[in-house]
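2 protein chains.
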Amino acid sequence: LVNTFAAYGKAVGQRVKGAIEAAGAGAIGTMVRSVTSLNDNTPHTGVMYYQDSIPKIPSVALGIQDAEFLSRLIDDGEEIVVNLDLSCQNHEKALSYNIIGEIRGSEFPEEIIVVGGHFDAWDKGQGAHDDGAGCMQAIEVLSIIKQLNLQPKRTIRCVLFTDEEQWQAGAKAYAARSDSLKENHIAAIESDRGVLTPRGFNVTADSTVIDRMQKWLPILRRTGIDWIREGGSGPDIRRIKDAHALIGYVPDNQRYFDYHHSANDTFDQVHAREMELGTAAMTILTWLVSEEGIE
Amino acid sequence: LVNTFAAYGKAVGQRVKGAIEAAGAGAIGTMVRSVTSLNDNTPHTGVMYYQDSIPKIPSVALGIQDAEFLSRLIDDGEEIVVNLDLSCQNHEKALSYNIIGEIRGSEFPEEIIVVGGHFDAWDKGQGAHDDGAGCMQAIEVLSIIKQLNLQPKRTIRCVLFTDEEQWQAGAKAYAARSDSLKENHIAAIESDRGVLTPRGFNVTADSTVIDRMQKWLPILRRTGIDWIREGGSGPDIRRIKDAHALIGYVPDNQRYFDYHHSANDTFDQVHAREMELGTAAMTILTWLVSEEGIE
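Taken in sequence, the protein lines are chains A and B. So the first sequence is numbered by this note's numbering: it starts at 1 and just counts up by one. So the second sequence is numbered by this note's numbering: it starts at 1 and just counts up by one.
Calculated directly from the structure, the hints in this document are not laboratory data. Watch out, some of these pointers could steer you wrong.
Copies of one chain are not kept apart here, so a pair can be met inside one copy or by any two copies together.
[Said to hold, decoys possible] Below, simulated SDA-like cross-link-like pairs (lysine to any residue); rule was C-alpha separation at most 20 Å, straight line:
1. K241 <-> S96
2. K172 <-> A94
3. K10 <-> R273
4. K215 <-> W122
5. K10 <-> R222
6. K241 <-> V209
7. K17 <-> I57
8. K241 <-> A173
9. K10 <-> G63
10. K153 <-> A173
11. K215 <-> W227
12. K124 <-> R33
13. K182 <-> I210
14. K93 <-> A169
15. K10 <-> T223
16. K215 <-> N202
17. K182 <-> S143
18. K241 <-> D206
Build out the structure end to end from the sequences listed, making use of the hints.
So this is what it looks like as structure tokens:
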């Protein structure tokens with residue numbers, strides 16, 4: 001599959017459900033070949049589930065080269081004995097917070113545009129592409145508007161959601177509080193697919209809204225955006241059900257799973273120019289929604 | 001400028017003509033801040049010219065950090081003395097060759113599709129993005145068709161041009177010989193913009209030909225190609241004047257000048273997946289032209 005997110009989606013069940021399936025078949029532990037696009041020896045990790053009715057066996061992700069090495073030994077008829085020495089554990093839940101800042105709209109302050117990312121990261125690496133740099137892009141949208149001394153007609157709100165990786169508790173809490181306040185979101189934009197070179201925006205909205213947004217393409221093309229497509233958005237904003245448009249920023253995906261959820265996801269792997277162009281694309285789109293509305 | 005090729009084009013005159021301009025104003029040497037997109041200290045080099053009527057003074061490109069350091073000293077009012085110790089020299093011209101291989105067409109063997117790159121490189125680095133990997137993509141187009149046991153209707157010819165960097169002697173010799181043989185090129189495709197993630201194809205052709213090619217976009221999109229645009233092609237194939245379509249493969253350009261003509265242009269900076277997708281795009285386009293013609 002050319003789209004690495006589609007490939008990941010189809011393959012990752014081996015890790016997510018591996019322990020359940022293996023234990024059900026009598027295994028005492030599982031080792032899964034990392035679900036990654038990079039042929040190195042850095043384990044790629046992420047969420048995995050147990051089921052209460054089935055033994056909770058140890059489960060690990062191996063680097064590609066270690067996994068291939070073991071495969072070769074098995075192919076050669078070797079008998080392999082592996083000792084698993086794991087230090088991972090489940091901690092109690094702890095209090096955490098969404099981080100929110102906004103520029104109030106001058107004409108329609110009750111009409112809110114959310115721009116955000118998630119502030120937590122998987123434990124390996126620094127969480128640069130997933131999703132520290134995405135959060136910085138969201139902050140920069142407001143920062144650029146402020147630096148340019150622009151006063152938006154609608155409220156532009158930056159939300160850095162907590163706990164996307166495990167339970168999406170931050171997204172759920174934001175949506176619940178927003179519902180109770182009867183807030184009116186006209187759009188929400190999320191950057192959570194890395195900060196590689198800009199390609200497009202995924203949009204969940206009525207087709208009339210998408211048609212309208214596509215008229216903005218000539219402006220967005222200046223930042224490298226080539227398309228606006230129906231479908232998808234972001235893992236946090238998708239819970240903001242009242243928003244007229246849920247919008248996911250989509251950079252190129254070929255390198256994303258070289259970094260994602262591994263020790264490779266470090267800030268030196270962020271290309272400043274590519275990140276800045278994505279920020280520019282998000283800022284322009286946010287401004288257009290703010291000034292022109294979306295319906 | 002967002003497009004780094006456009007930015008390079010506007011800035012590079014400072015290096016190309018710097019020695020002429022400076023010597024004309026009485027300078028005894030020139031140092032130019034590297035024309036690059038990467039803020040490191042690796043000099044970015046390339047062609048520079050003298051003019052016979054003006055003294056031929058020494059001319060060097062400095063890494064960005066060295067250039068900035070010298071600028072700060074000047075701003076601080078320091079008097080700077082620089083010793084230039086250069087070992088560069090002009091060698092005599094030497095015999096070199098284009099490298100050519102082809103699969104003869106089964107129905108219209110006299111109709112030729114060239115797919116190529118240039119086999120020389122600037123002296124710094126390994127010439128990976130410029131243009132070793134581009135040459136490999138051109139070879140792979142033929143290799144993939146052969147591996148798939150496909151027999152093209154038209155002749156598909158791989159040409160690796162020599163001496164693109166200095167005089168384009170390979171391109172000129174190919175065009176002259178082709179003219180003398182009265183060969184009929186229906187299309188030529190060149191990869192000489194690095195092997196980063198695929199974006200589109202630049203095409204110099206009649207608008208009817210471009211309209212026809214754009215109908216192939218749904219197939220090419222599978223490899224990441226988002227557009228086919230009028231204008232431009234490649235520095236070698238542009239001399240094949242009889243070709244009905246001159247086509248430049250266009251990958252993303254944000255990282256290209258991080259590598260180009262510097263010690264950074266090494267094969268470890270080639271992303272295999274991105275390169276392979278470009279090869280797939282070029283192969284599909286070549287095959288479509290071969291089987292369907294282009295007019």
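Comparing the hints with the structure gives:
When the C-alpha separation of K241 and S96 is checked against a cutoff of 20 Å, the pair qualifies neither within a copy, at 23 Å, nor between copies, at 66 Å. Taking the shortest alpha-carbon separations for K172 and A94, only the intra-copy value of 16 Å comes in at or below 20 Å, while the best inter-copy value is 70 Å. Proximity of K10 and R273 under a CA criterion of 20 Å is satisfied inter-copy only: 18 Å between copies versus 31 Å inside one chain copy. Taking the closest pair of Cα atoms, K215 and W122 never come within 20 Å of each other, the shortest separation being 38 Å inside a single copy and 43 Å across copies.
Taking the closest pair of Cα atoms, K10 and R222 come within 20 Å of each other only across two copies (18 Å); inside a single copy the shortest separation is 34 Å, beyond that limit. In this homomeric assembly, K241 and V209 come within 20 Å of each other (Cα to Cα) only inside a single copy, at 16 Å, whereas the closest approach across copies is 46 Å. In this assembly of identical chains, K17 and I57 lie within 20 Å of each other by CA distance solely inside one copy; the values are 12 Å within and 69 Å between copies. Taking the shortest Cα distances, K241 and A173 sit within 20 Å of each other inside one copy (13 Å), while across copies they are farther apart (65 Å).
For a Cα distance limit of 20 Å, the shortest separation of K10 from G63 inside one copy, 19 Å, qualifies, whereas the shortest one across copies, 45 Å, does not. When the C-alpha separation of K153 and A173 is checked against a cutoff of 20 Å, the pair qualifies neither within a copy, at 27 Å, nor between copies, at 62 Å. In this assembly of identical chains, K215 and W227 lie within 20 Å of each other by CA distance both inside one copy and across copies; the values are 11 Å within and 17 Å between. Taking the shortest alpha-carbon separations for K124 and R33, only the intra-copy value of 17 Å comes in at or below 20 Å, while the best inter-copy value is 39 Å.
Proximity of K182 to I210 under the C-alpha cut-off of 20 Å is found in neither arrangement, the shortest distances being 25 Å within a copy and 52 Å between copies. In this assembly of identical chains, K93 and A169 lie within 20 Å of each other by CA distance solely inside one copy; the values are 11 Å within and 69 Å between copies. With identical chains, the CA atoms of K10 and T223 are at most 20 Å apart between copies only, with a shortest distance of 19 Å across copies and 31 Å within one. Taking identical chains as interchangeable, the C-alpha atoms of K215 and N202 lie at most 20 Å apart only when both belong to the same chain, with a minimum of 15 Å there against 24 Å between chains.
In the homo-oligomer, the alpha carbons of K182 and S143 never lie at most 20 Å apart, since the shortest distance is 27 Å inside one protomer and 62 Å across protomers. When the C-alpha separation of K241 and D206 is checked against a cutoff of 20 Å, the pair qualifies only within one copy, where the shortest distance is 13 Å, while the shortest distance between copies is 49 Å.
In terms of the numbered hints stated before, the structure departs from hints 1, 4, 10, 13, 17, listed from lowest to highest.
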